[in-house]
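Q: Heads up: the sequence lines are chains U and F, in that order.
Residues in the first sequence are numbered from 1 upward in steps of one, following our numbering.
Residues in the second sequence are numbered from 1 upward in steps of one, following our numbering.
Any given hint could turn out to be false.
Unchecked claim - Okay, the calculated bits of chain U under chain F, using three or more residues with CB under 8 Å as the criterion:
| # | stretch |
| --- | --- |
| 1 | 14 to 25 |
| 2 | 31 to 41 |
Said to hold, decoys possible - For each label pair, taking beta carbons as the anchor points, the in silico distance ranges come out as:
| # | chain 1 | residue 1 | chain 2 | residue 2 | range |
| --- | --- | --- | --- | --- | --- |
| 3 | F | GLU205 | U | ALA29 | 19 to 27 Å |
| 4 | F | ALA154 | U | ARG57 | 40 to 48 Å |
| 5 | F | ASP181 | U | GLU56 | 37 to 45 Å |
| 6 | U | VAL71 | F | GLY172 | 49 to 57 Å |
| 7 | F | GLY227 | U | PHE17 | 20 to 28 Å |
| 8 | F | PRO85 | U | ARG77 | 40 to 48 Å |
| 9 | U | GLU56 | F | ASP110 | 26 to 34 Å |
| 10 | F | GLY172 | U | LEU79 | 33 to 41 Å |
| 11 | U | ARG57 | F | ASP181 | 26 to 34 Å |
| 12 | F | VAL212 | U | CYS55 | 15 to 23 Å |
Unchecked claim - Away from chain F, derived, C-beta distances all over 10 Å, residues of chain U:
| # | residue |
| --- | --- |
| 13 | GLY45 |
| 14 | ALA46 |
| 15 | GLY47 |
| 16 | VAL63 |
| 17 | ARG65 |
| 18 | ASP66 |
| 19 | GLY68 |
| 20 | CYS70 |
| 21 | MET73 |
| 22 | CYS74 |
| 23 | ARG77 |
| 24 | LEU79 |
| 25 | ARG80 |
| 26 | PRO83 |
Calculated from the structure, these hints are not laboratory results.
Keep in mind that this is a model prediction, so the values were computed, not measured.
Ideal Cβ placement from N, Cα and C applies to all residues, glycine included.
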Amino acid sequence: MSHLDGNAAAGPLSEVFAADVTTAIVTCAGCGASGPIAAVHVYEGAGTVLRCPGCERVLLRLVRRDGGICVEMCGVRVLRWRP
Amino acid sequence: MSSVTRATDWRLATVARIAPETPRAATLTLDVPGWDGHRAGQHVDVRLTADDGYRAQRSYSIASAPNDGPPQITVVEVDGGEVSPWMVDVARDGDMFEVRGPFGGWFVWDASVTEPVLLIGGGSGLVPLMSMLRGGARARLLVSAREPDDLLYASELPPETIRTYTRHPPRGWTGYARRVDRAMLHDVHLPGARVYVCGSTPFVESVANDLVALGHDPAAIRTERFG
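Chain U on its own, in the form it takes in the complex:
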């Protein structure tokens, strides 16, 4: 399945985060790689799934259920916004 990148997740993630997430630097809890959310791999299916471009571990999964939003982010060690 072909993937998009974190730019495509800007809309859904803006429903949750107040600051623009595409510029945030994410550190993968699996391999420790860091980079902007804009550059992670994004798969759209039952929800929006962000994967580390280095090790393909799931960083974050956003799922809509019963009119609400569920965000699982056990693959994210740190999200950092530069000033």
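Since chain U is already given, all that's left is putting chain F on it; use the hints.
A: Relative to the frame of chain U, chain F by itself:
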């Protein structure tokens, strides 16, 4: 209660105008309630709802310049697609669908960037780059299209635009006629410049890898993949 429109609010947009760009692409000018401008490179999310309630959502880059009135999106028809054929072949002035945005703070160009930038677009990847050019970006532009009929904004592109045709170049063409590769990037790249690359996922990954191999700082390469 606040009446301020947020980017995340779905709003019912009206198609104000549709202009064909190529045999397979059209530019839609959208009247979006509460629209407050965008940054060059940003996109909107679009949501179509069928009579039976089935919904399809897509992201489309904004082609028009910032501060140039209602946003314009350019849609290229995807074979077998659910949304793009409707946009290109079926939609008419006055049709309505839901829009939210604009979104994205990474793949954007602002007028504060005064140094020349390198813009590399494959197919419809040219759309957000066009917003940057229309917004006044000083840029060198490399465009990859399958054939002249697939080249967006052909009459508006700056004459110095570097083109490559990957399938059917025009008769008598003496320019590039292959996929963007490292040798081509070596010819055209601007060492040290910020680079924006937009196109299909394989296109973007190949170009970005080649730019890094040519010595570009990965942090100065901004990419957007559309699948």
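Q: If a hint holds in the structure, say so; if it doesn't, say that too.
A: Evaluated hints:
no.: 1; hint: 14 to 25; verdict: holds (count 5)
no.: 2; hint: 31 to 41; verdict: holds (count 4)
no.: 3; hint: GLU205(F) with ALA29(U): 19 to 27 Å; verdict: 24 Å, holds
no.: 4; hint: ALA154(F) with ARG57(U): 40 to 48 Å; verdict: 43 Å, holds
no.: 5; hint: ASP181(F) with GLU56(U): 37 to 45 Å; verdict: 26 Å, violated
no.: 6; hint: VAL71(U) with GLY172(F): 49 to 57 Å; verdict: 56 Å, holds
no.: 7; hint: GLY227(F) with PHE17(U): 20 to 28 Å; verdict: 23 Å, holds
no.: 8; hint: PRO85(F) with ARG77(U): 40 to 48 Å; verdict: 42 Å, holds
no.: 9; hint: GLU56(U) with ASP110(F): 26 to 34 Å; verdict: 33 Å, holds
no.: 10; hint: GLY172(F) with LEU79(U): 33 to 41 Å; verdict: 53 Å, violated
no.: 11; hint: ARG57(U) with ASP181(F): 26 to 34 Å; verdict: 31 Å, holds
no.: 12; hint: VAL212(F) with CYS55(U): 15 to 23 Å; verdict: 19 Å, holds
no.: 13; hint: GLY45; verdict: 12 Å, holds
no.: 14; hint: ALA46; verdict: 13 Å, holds
no.: 15; hint: GLY47; verdict: 12 Å, holds
no.: 16; hint: VAL63; verdict: 14 Å, holds
no.: 17; hint: ARG65; verdict: 15 Å, holds
no.: 18; hint: ASP66; verdict: 16 Å, holds
no.: 19; hint: GLY68; verdict: 15 Å, holds
no.: 20; hint: CYS70; verdict: 17 Å, holds
no.: 21; hint: MET73; verdict: 19 Å, holds
no.: 22; hint: CYS74; verdict: 24 Å, holds
no.: 23; hint: ARG77; verdict: 20 Å, holds
no.: 24; hint: LEU79; verdict: 14 Å, holds
no.: 25; hint: ARG80; verdict: 14 Å, holds
no.: 26; hint: PRO83; verdict: 14 Å, holds
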